[in-house]
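Quick note, the sequences are listed as chains A and B, same order. Under full-length UniProt numbering, the first residue of the first sequence is numbered 1, with each subsequent residue one higher. Under full-length UniProt numbering, the first residue of the second sequence is numbered 1, with each subsequent residue one higher.
Mixed in with the good hints there might be a few duds.
Treat identical chains as interchangeable: a pair holds within one or across any two.
Straight-line Cα separation of at most 35 Å, DSBU-like style, residue types lysine-lysine; simulated pairs [stated by the list, open to error]: (1) 61 with 5; (2) 197 with 314; (3) 341 with 323; (4) 295 with 61; (5) 341 with 197; (6) 5 with 192; (7) 229 with 5; (8) 60 with 395; (9) 61 with 323; (10) 192 with 317; (11) 60 with 15; (12) 159 with 61.
Think of the hints as simulated: they come from the structure by calculation, not from any bench. Bear in mind the structure is a predicted one, so any value in this text is a computation, not a measurement.
2 protein chains.
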Amino acid sequence: MVYIKPFNVEQWMDKYETKCTNNIAETCCDSVSLAELISLTSNSTTHSHSETPLILALSKKRLDYGHIRGSPTLLTNISTLYSTPSHHFPFSQILITPGAIAANFLVFYTLVNPSHHVICIHPTYQQLHTVPASLGASVSLWKLQRTETSWTADIDELKSLIVPGATKLLVLNNPNNPTGAILPLDVLMEIKVLAQKYDITVLSDEVYAPIFHSSPDPPPPSFLSLGYKNTIVTGSLSKAYSLAGIRIGWIASNNPDIIELLAQARDYNTISVSQLDDTVAAYALSPTVRRALVKRNIDLCERNLEILDTFIKKYPKHMNYVKPVSGTTAFVKFLNPRSGKVVDDVRFCESLIRDTGVLFVPGGHCFGVEEGEFKGYVRIGYACSTDSLRFGLMKVGAWIEGGGMDFV
Amino acid sequence: MVYIKPFNVEQWMDKYETKCTNNIAETCCDSVSLAELISLTSNSTTHSHSETPLILALSKKRLDYGHIRGSPTLLTNISTLYSTPSHHFPFSQILITPGAIAANFLVFYTLVNPSHHVICIHPTYQQLHTVPASLGASVSLWKLQRTETSWTADIDELKSLIVPGATKLLVLNNPNNPTGAILPLDVLMEIKVLAQKYDITVLSDEVYAPIFHSSPDPPPPSFLSLGYKNTIVTGSLSKAYSLAGIRIGWIASNNPDIIELLAQARDYNTISVSQLDDTVAAYALSPTVRRALVKRNIDLCERNLEILDTFIKKYPKHMNYVKPVSGTTAFVKFLNPRSGKVVDDVRFCESLIRDTGVLFVPGGHCFGVEEGEFKGYVRIGYACSTDSLRFGLMKVGAWIEGGGMDFV
Numbered sequence: 001m002v003y004i005k006p007f008n009v010e011q012w013m014d015k016y017e018t019k020c021t022n023n024i025a026e027t028c029c030d031s032v033s034l035a036e037l038i039s040l041t042s043n044s045t046t047h048s049h050s051e052t053p054l055i056l057a058l059s060k061k062r063l064d065y066g067h068i069r070g071s072p073t074l075l076t077n078i079s080t081l082y083s084t085p086s087h088h089f090p091f092s093q094i095l096i097t098p099g100a101i102a103a104n105f106l107v108f109y110t111l112v113n114p115s116h117h118v119i120c121i122h123p124t125y126q127q128l129h130t131v132p133a134s135l136g137a138s139v140s141l142w143k144l145q146r147t148e149t150s151w152t153a154d155i156d157e158l159k160s161l162i163v164p165g166a167t168k169l170l171v172l173n174n175p176n177n178p179t180g181a182i183l184p185l186d187v188l189m190e191i192k193v194l195a196q197k198y199d200i201t202v203l204s205d206e207v208y209a210p211i212f213h214s215s216p217d218p219p220p221p222s223f224l225s226l227g228y229k230n231t232i233v234t235g236s237l238s239k240a241y242s243l244a245g246i247r248i249g250w251i252a253s254n255n256p257d258i259i260e261l262l263a264q265a266r267d268y269n270t271i272s273v274s275q276l277d278d279t280v281a282a283y284a285l286s287p288t289v290r291r292a293l294v295k296r297n298i299d300l301c302e303r304n305l306e307i308l309d310t311f312i313k314k315y316p317k318h319m320n321y322v323k324p325v326s327g328t329t330a331f332v333k334f335l336n337p338r339s340g341k342v343v344d345d346v347r348f349c350e351s352l353i354r355d356t357g358v359l360f361v362p363g364g365h366c367f368g369v370e371e372g373e374f375k376g377y378v379r380i381g382y383a384c385s386t387d388s389l390r391f392g393l394m395k396v397g398a399w400i401e402g403g404g405m406d407f408v
Numbered sequence: 001m002v003y004i005k006p007f008n009v010e011q012w013m014d015k016y017e018t019k020c021t022n023n024i025a026e027t028c029c030d031s032v033s034l035a036e037l038i039s040l041t042s043n044s045t046t047h048s049h050s051e052t053p054l055i056l057a058l059s060k061k062r063l064d065y066g067h068i069r070g071s072p073t074l075l076t077n078i079s080t081l082y083s084t085p086s087h088h089f090p091f092s093q094i095l096i097t098p099g100a101i102a103a104n105f106l107v108f109y110t111l112v113n114p115s116h117h118v119i120c121i122h123p124t125y126q127q128l129h130t131v132p133a134s135l136g137a138s139v140s141l142w143k144l145q146r147t148e149t150s151w152t153a154d155i156d157e158l159k160s161l162i163v164p165g166a167t168k169l170l171v172l173n174n175p176n177n178p179t180g181a182i183l184p185l186d187v188l189m190e191i192k193v194l195a196q197k198y199d200i201t202v203l204s205d206e207v208y209a210p211i212f213h214s215s216p217d218p219p220p221p222s223f224l225s226l227g228y229k230n231t232i233v234t235g236s237l238s239k240a241y242s243l244a245g246i247r248i249g250w251i252a253s254n255n256p257d258i259i260e261l262l263a264q265a266r267d268y269n270t271i272s273v274s275q276l277d278d279t280v281a282a283y284a285l286s287p288t289v290r291r292a293l294v295k296r297n298i299d300l301c302e303r304n305l306e307i308l309d310t311f312i313k314k315y316p317k318h319m320n321y322v323k324p325v326s327g328t329t330a331f332v333k334f335l336n337p338r339s340g341k342v343v344d345d346v347r348f349c350e351s352l353i354r355d356t357g358v359l360f361v362p363g364g365h366c367f368g369v370e371e372g373e374f375k376g377y378v379r380i381g382y383a384c385s386t387d388s389l390r391f392g393l394m395k396v397g398a399w400i401e402g403g404g405m406d407f408v
């Protein structure tokens, strides 16, 4: 049997998320029901939710495989995410998948083999480096460096990792999970130049776009917009659009040949996606609903991040972080207030959930790949409901003040 | 880039299914909408479909990731498929996947590596042998033999294919796509003995169960019920339950360790399934609805197979087959009535769709792996609506009588 490393963050969530009272570990913007989604833009007093056009369409839709690559309406709505006034992104260069996780997996399954070298930004979602390794590739990690004000990617470091001829794929994650940092335009441009020079395909996981809420600079564009042909971008409805429960993600590429190759492999593990989900996704990404949903979620993140920031600044002896500028997560370093040393992040999170019911994700355990890497770090998902965050942090504050952290 | 063979049957369907007027190529029992599913068991005159408990539940369900391995209600309903009065199949030994295609894929991705030898029954759904090969395994095909009255699996042939120590996985498909044959209990028992002796895990794709409609003998049991520990069974809502548009499949195993290993790998490509689909699937597999749905579909297959059988017997110079006893497909050999030689199945199917709008699947192209194998064979999916089948076959009959087959 193949040795596949446990996916620590998924296993952590699976173990604890049904046991906690305040889930401040989730990476999705506070989820909605269909009724709530409909309420964002329609006047619900005119008819009950069950009689809206969306619900009636779901009820009457014939549940066959449907359009194999995704419905034209859904593809059209996704193509607008990557189109500009001067360039209409063709919807034939998009594939629908059951979530971004399936999108990324499909890219690796199709493009990576044991003779390949893959470079992956780090820290990031563990899938992005463990899956290519499970398929036999050698993987190097391009490590973000923490400074006073940012998590920064060093282009010289990337250059040093490239193995000419062997490096086939560079995996980015922008905005970044768990740090909430972004790769800005100038860095993306430098990456593009290197990718072109060494003929490296770029997979940019942009599942947290367009949750750009706190950067003074303009948000980075999608890597697709840089015009580099061998670019693959993935996204989904789960994080930025509050709809993790419908499993709709996508792959878009500037290279039609890559899309055809991925479609060919996709026949073997997907066929098509849920027709109910496709219908809901097309509705959620229609211009009016999408605008309302993104505004709701950027407002939510701005509001909640200020609550988190106030909390973190209140306890400078206990924690510190680089304030995120995008996405839904913060990577916070916790210190034992007596010794000043970083805490054991697993013991910290387990004590916290036991004593308070608040769920965080242990960062060293879930993101570290070397001994002691990110020890003491905790990932906080602050895009939950404002009430859940506020009450959860109040509990954590009381726990800290009661000496809860003194022994972890 | 990895070389993955095109999945011929999927690509054929993708190319033609939106262009035909009579789709007699589909393998699913005639699909239903949610409204039709609800009508099977509820009195729709009492309230509109949009106000039924199922639709209201869908509308109000919070669309987060939900239960990672599948909801308890869905798992419970699936466990009853494999339970007997004396043995309750534990629902902890079931994993939910987006369709049976994802279920099979997950098994291969998790359990197969380049040092392994895999044996797969043949002909069958191409995924079942192409995916293990794409992961580097060597694959041998255990070929069904056509006799006058059946497609038969020869146990001595299986014995000859086993490479002691290297053969790790045996893949079955029962009922069989495309032949509609079954592996009966005595053959399953012999397979079990061999699997035990050589420590081979058995993957039994039972996605067409329980569509047993025309066999004089009792239907074969699930391979799970034989009690062999290293058994994995896959199934879904797509074929027998008319709900391909909701992407719900499952993996069940007698070995909890296999389930944990698969769950660990599943974290990397699935997370969880659609919460809308999970809710619909739990409803469809609830005892009352399931009974009504299975009865509808077995009745449909019985009725339609008689129509097909009458058609085939009308043209003995043009076609012959072994009448299927289960599932939704028939594998029919077409002959040029002038030469008596088998037709070119691709040219035959392309001429047919061009001239009549009727879609069949070319069997040699989609199921043959050697030069000329299954040349002239066509897979007919007869579980479409009775009207579509009847009118489609009328068109084919008129075409044949007009000499349409004389030149293919």
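Going through the hints against the structure:
In this homomeric assembly, residue 61 and residue 5 come within 35 Å of each other (Cα to Cα) only across copies, at 33 Å, whereas the closest approach inside a single copy is 40 Å. With identical chains, the CA atoms of residue 197 and residue 314 are never at most 35 Å apart, being 48 Å at best within one copy and 66 Å at best between copies. Taking the shortest alpha-carbon separations for residue 341 and residue 323, only the intra-copy value of 21 Å comes in at or below 35 Å, while the best inter-copy value is 75 Å. In this assembly of identical chains, the alpha carbons of residue 295 and residue 61 lie at most 35 Å apart whether taken from the same copy (30 Å) or from different copies (22 Å).
When the C-alpha separation of residue 341 and residue 197 is checked against a cutoff of 35 Å, the pair qualifies neither within a copy, at 44 Å, nor between copies, at 56 Å. In this assembly of identical chains, the alpha carbons of residue 5 and residue 192 lie at most 35 Å apart whether taken from the same copy (31 Å) or from different copies (31 Å). Taking identical chains as interchangeable, the C-alpha atoms of residue 229 and residue 5 lie at most 35 Å apart whether they share a chain (32 Å) or sit on different chains (24 Å). Only between protomers do residue 60 and residue 395 lie at most 35 Å apart by alpha-carbon distance; the minimum there is 30 Å, versus 47 Å within a single protomer.
Within a single copy, residue 61 and residue 323 get their C-alpha atoms only as close as 45 Å, which misses the 35 Å cut-off; across copies the closest is 33 Å, which meets it. For the homomeric pair residue 192 and residue 317, neither the shortest alpha-carbon distance inside one copy (41 Å) nor that between copies (64 Å) is at most 35 Å. For the identical chains of this complex, residue 60 and residue 15 are inter-copy neighbours only, at 25 Å across copies versus 37 Å inside a copy, given an alpha-carbon limit of 35 Å. Taking the shortest alpha-carbon separations for residue 159 and residue 61, neither the intra-copy value of 51 Å nor the inter-copy value of 48 Å comes in at or below 35 Å.
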